[in-house]
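Hey, can you work out the whole structure from these sequences and the hints?
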Amino acid sequence: MSKILKNDAFWFLFLSVLITLIVYGFNAAKGAIVAKTVYGTFFEVLDIIVAVSIFIGLFQVWVKPQTIVKLLGKGSGLKGFVLVCTFPILMGGSLFTVFPLLKALKEKGARIGAIASFITAWGGKAPLLPLESKFLGWPFALVRIGFTILFAFIMGVLMDWLGEKTAQIKKEKSFLVEL
Amino acid sequence: MRAGHLYLLIAVILMALSFLKDRQKTKEAAKATFKIFYVVMPVLIFVFVLMGLIQAYVSKEIIVSILGQKTGILGILYAEIIGSIALFLPPAVFPFGGYLHNNGASYGSIAGFVFTAILIGVTTLPLELKLFGKRFTLARNLLTFGLTFFIAILMEGILR
Numbered sequence: 001m002s003k004i005l006k007n008d009a010f011w012f013l014f015l016s017v018l019i020t021l022i023v024y025g026f027n028a029a030k031g032a033i034v035a036k037t038v039y040g041t042f043f044e045v046l047d048i049i050v051a052v053s054i055f056i057g058l059f060q061v062w063v064k065p066q067t068i069v070k071l072l073g074k075g076s077g078l079k080g081f082v083l084v085c086t087f088p089i090l091m092g093g094s095l096f097t098v099f100p101l102l103k104a105l106k107e108k109g110a111r112i113g114a115i116a117s118f119i120t121a122w123g124g125k126a127p128l129l130p131l132e133s134k135f136l137g138w139p140f141a142l143v144r145i146g147f148t149i150l151f152a153f154i155m156g157v158l159m160d161w162l163g164e165k166t167a168q169i170k171k172e173k174s175f176l177v178e179l
Numbered sequence: 001m002r003a004g005h006l007y008l009l010i011a012v013i014l015m016a017l018s019f020l021k022d023r024q025k026t027k028e029a030a031k032a033t034f035k036i037f038y039v040v041m042p043v044l045i046f047v048f049v050l051m052g053l054i055q056a057y058v059s060k061e062i063i064v065s066i067l068g069q070k071t072g073i074l075g076i077l078y079a080e081i082i083g084s085i086a087l088f089l090p091p092a093v094f095p096f097g098g099y100l101h102n103n104g105a106s107y108g109s110i111a112g113f114v115f116t117a118i119l120i121g122v123t124t125l126p127l128e129l130k131l132f133g134k135r136f137t138l139a140r141n142l143l144t145f146g147l148t149f150f151i152a153i154l155m156e157g158i159l160r
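So the sequence lines, in the order shown, correspond to chains U and A. Okay, so the first sequence: first residue is 1 according to this note's numbering, each after it adds one. Okay, so the second sequence: first residue is 1 according to this note's numbering, each after it adds one.
If you are wondering where the hints come from, they were derived from the structure by calculation, not from laboratory data. Do not take every clue at face value.
[Said to hold, decoys possible] With beta-carbon atoms standing in for the labels, derived distance ranges:
# : chain 1 : residue 1 : chain 2 : residue 2 : range
1 : U       : Ala167    : A       : Leu87     : 33 to 41 Å
2 : U       : Glu107    : A       : Ile13     : 36 to 44 Å
3 : A       : Leu142    : U       : Leu176    : 22 to 30 Å
4 : A       : Gly72     : U       : Glu107    : 37 to 45 Å
5 : A       : Lys130    : U       : Asp8      : 19 to 27 Å
6 : U       : Lys171    : A       : Tyr38     : 49 to 57 Å
7 : U       : Ala104    : A       : Leu125    : 19 to 27 Å
8 : U       : Lys170    : A       : Arg23     : 48 to 56 Å
9 : A       : Thr123    : U       : Thr166    : 25 to 33 Å
[As the list claims (entries may be wrong)] From the derived model, a few chain U residues whose C-beta atoms are all more than 12 Å from chain A:
#  : residue
10 : Leu78
11 : Leu83
12 : Phe175
Only a predicted model underlies this, so the values are computations on that prediction, with no experimental measurement involved. For every residue, glycine included, the Cβ atom is placed at its ideal position computed from N, Cα and C.
Structure follows, in structure tokens:
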């Protein structure tokens, strides 16, 4: 029992049913609208969710994060930067899995701009394209991914610039203290 | 043929190719797939309930007046604030965004919502702070919010 209570999946489903029932109890017509929306959308996306889960699963085993880190470590400079702004678009996962990976990258000496670019590009979410195009259309999905690259690029440049600036200020401050 | 069936077909073909190349890895992939489905589906159902609640209680006019084309810049800002605090998994972001779009939210607002929902997260903030420090976290999240604003305006201009 206590195992079930710690289970996120259980709680999401429990709350879903509970909310629907409460709404239904207060107003049957509104409850029916909620139930119909859930039912309709569920069967609209089921096959896409299954396909997307398979895509992400395959990607996780065939492209290990360590491979990406190695790849990024090799091409420093412009080539590395271009990779950092594009490659993570293909990755799945949540920020919880991405952050520790980037921490390792940082400890290996990656610039903070590269890390910020990586996070932004990771938001591109290409494995979810089937889902995105279904709900928002291909034009939106493709334009968004295009802008994601630009976004990641600007992000990296700005973060590096900010980083250098604060380092400079720190230096000046410590200089003053020495004086 | 439905688009979803096509994706399923492609997924199955890729799975088969993977199996031919490396059985062990494909087993791992199948395990990962089940885990992802198991984590994502309940959250999606919860989001569908949210969509149903909006359908039942919030009129289209209200959504249009907050996130519609005519609200312009303000609509994008509202959408970004919603995206920043929403506790959504990425796969839930698109159905919800599409739902808002069908009910009159502009492409710019949806772009604002999608970018911030994926890239800014109240839930991941503690981990980011712990791993990368206060300065990095603050700068990255603020810059993400600001740059999303401009990109959303551009996307609205291109897509409308």
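Taking the hints in turn, this is what the structure says about them:
1. U:Ala167 with A:Leu87: 33 to 41 Å: Holds - the Cβ-Cβ distance for U:Ala167 and A:Leu87, about 35 Å, lies within 33 to 41 Å.
2. U:Glu107 with A:Ile13: 36 to 44 Å: Cβ of U:Glu107 to Cβ of A:Ile13: about 39 Å, so the range 36 to 44 Å holds.
3. A:Leu142 with U:Leu176: 22 to 30 Å: holds (28 Å)
4. A:Gly72 with U:Glu107: 37 to 45 Å: holds (44 Å)
5. A:Lys130 with U:Asp8: 19 to 27 Å: Holds - the Cβ-Cβ distance for A:Lys130 and U:Asp8, about 21 Å, lies within 19 to 27 Å.
6. U:Lys171 with A:Tyr38: 49 to 57 Å: holds (51 Å)
7. U:Ala104 with A:Leu125: 19 to 27 Å: holds (20 Å)
8. U:Lys170 with A:Arg23: 48 to 56 Å: Given about 54 Å between the Cβ atoms, the range holds.
9. A:Thr123 with U:Thr166: 25 to 33 Å: holds (27 Å)
10. Leu78: Nearest chain A Cβ is 21 Å from U:Leu78, so the label holds.
11. Leu83: holds (19 Å)
12. Phe175: holds (20 Å)
Consistency note: the structure conflicts with none of the earlier hints.
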